[in-house]
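Using the sequences provided together with the hints, build the complete structure.
Line by line, the protein sequences give chains A and B.
Residue numbers 658 to 915, in the numbering used here, belong to the letters of the first sequence in order.
Residue numbers 5 to 184, in the numbering used here, belong to the letters of the second sequence in order.
If you are wondering where the hints come from, they were derived from the structure by calculation, not from laboratory data.
Even glycine gets a Cβ: it sits at the ideal position worked out from N, Cα and C.
The reader is advised that the hints may include incorrect statements.
[Unchecked claim] To give an idea of the interface, some chain A residues facing chain B are shown, with a C-beta separation under 10 Å as derived from the structure:
(1) E661
(2) E674
(3) Y697
(4) E700
(5) F705
(6) V708
(7) K710
(8) M711
(9) P716
(10) F720
(11) K721
(12) A730
(13) G864
(14) N866
[As the list claims (entries may be wrong)] Restricting the straight-line Cα-Cα distance to at most 25 Å, the calculated cross-link-like pairs of lysine to any residue (SDA-like) are:
(15) K160(B) to S727(A)
(16) K174(B) to Y697(A)
(17) K80(B) to S156(B)
(18) K696(A) to P122(B)
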Amino acid sequence: MIDERYIGLMHAKLDGEIIGSKDSVEIEQFLSSSAEGKKYFQELSQLFDQVGKMPMLEPPTTFKEDVMSSLPAPEHHRHAVADHSPLRSFFRAATWGYAVAFCAGILAGVAMYSLAVPKHAAGETANLSGTMSSRTVDEFGVGGHGPIKIANGSGSYTVRYGQGRVAVEVTMKSSKPLNIRIEYDPQSIAYHAMTDIQASENIMTPGTNFVQLRHTGEDTYLVIFDVKTATANALQLSVASDTDVLFTNTLPAVNPNS
Amino acid sequence: MKEREDSEVVKRCLAGETDAFGEIVDRYQKVVFNAVVRMINDADDAQDVAQTVFIKAYENLNSYNPQYKFFSWLYKIAVNEGLNFIRHRKHTDELDVNTRSSDRSPEEAITESELSEPLDKAMKDLKEEYRTVIVMKHLLGLSYKEMSDLLSVPEKTIKSRLFSARQILKDRMIRAKSRM
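Below you can see the structure in the form of structure tokens.
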């Protein structure tokens, strides 16, 4: 009889929803020590595989044509375009008084920033997401580097440290899909931004205490975290297939050499 | 990047370029159609429901927030439409076995058919709430959280339904294998 908690963890592992390195370690230990658990996990993995291979039916050949001929006239959208831009929504809703106050605030902020923050060196990275585009990768000193050796693939990671930040760069080349994941302690670290250097279709999923992406082919990713305290817990980098963890490493969140 | 391309297409549609929506249909018709077929167990009705999904998506494009992934938004419409259909259905038809299979070689199709037949049947026999979570997770790739939001039930319930559904499928597959 397998404990329900382990059953839940086995499902979560195959679903890519294991949250926390503690759970990850616990399930690995369970699978390596329980023959019954291992058998259940293998059967479950096979089921995932079979469901994934279920034949996909082809929609009728007229499907697209039928949809397109049923769409309402273009005028439908003309007067109903919702604007999700926070800035435009603000100006649309605010009076001119608010707008003037807002602009004054921006100018004051820019002035204070230019006085308080030293100028960065060259090397702006163009396609970084979030607020990272105003930073430079050059300001992060290299703190660690290592290979990622797995079956059917290879790669490397580099850890860089900046002021109050840590950046993890992962390069992977693999013939099969992989899940690249970085777990962190949200008490001491906050996710800041991430970029997929080659802007491919690999998609990142941010969680409450991890960032994860489904990797295929060859790509390089850069993830930046804000480090809140000098005693922040380490990051946990892992590379996994759908069934097994292939590589793990602990990366200090704070430069051990500083 | 697919998400970026989707956002561009949405912008063009909202600017009045209706034909651009054809790109969205091309990109997602297969997965939406298959998700609906699996949910409602009827290929003919699934065609109508899947078409409704795209028409509703087009009609509501102005409410799509580009901060989120377009396909997640579209898949949510698909799940809702599937559930609406199930709620209103008075009878359950058999899955149309004559529907054309996809672009696989005959050998692959035969092997896959042999392998997936018990699974197809097991899927069809599942309770609707179990089949829905299997489709949402395995076909549409939604997270526990997304499924919970969409079905308005706690994540704990989603996990419980998924585990039970998989247990049933697993047992039936083991039984089917032992008979082969």
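Sort out which numbered hints this structure fails and list those numbers smallest first.
14, 15
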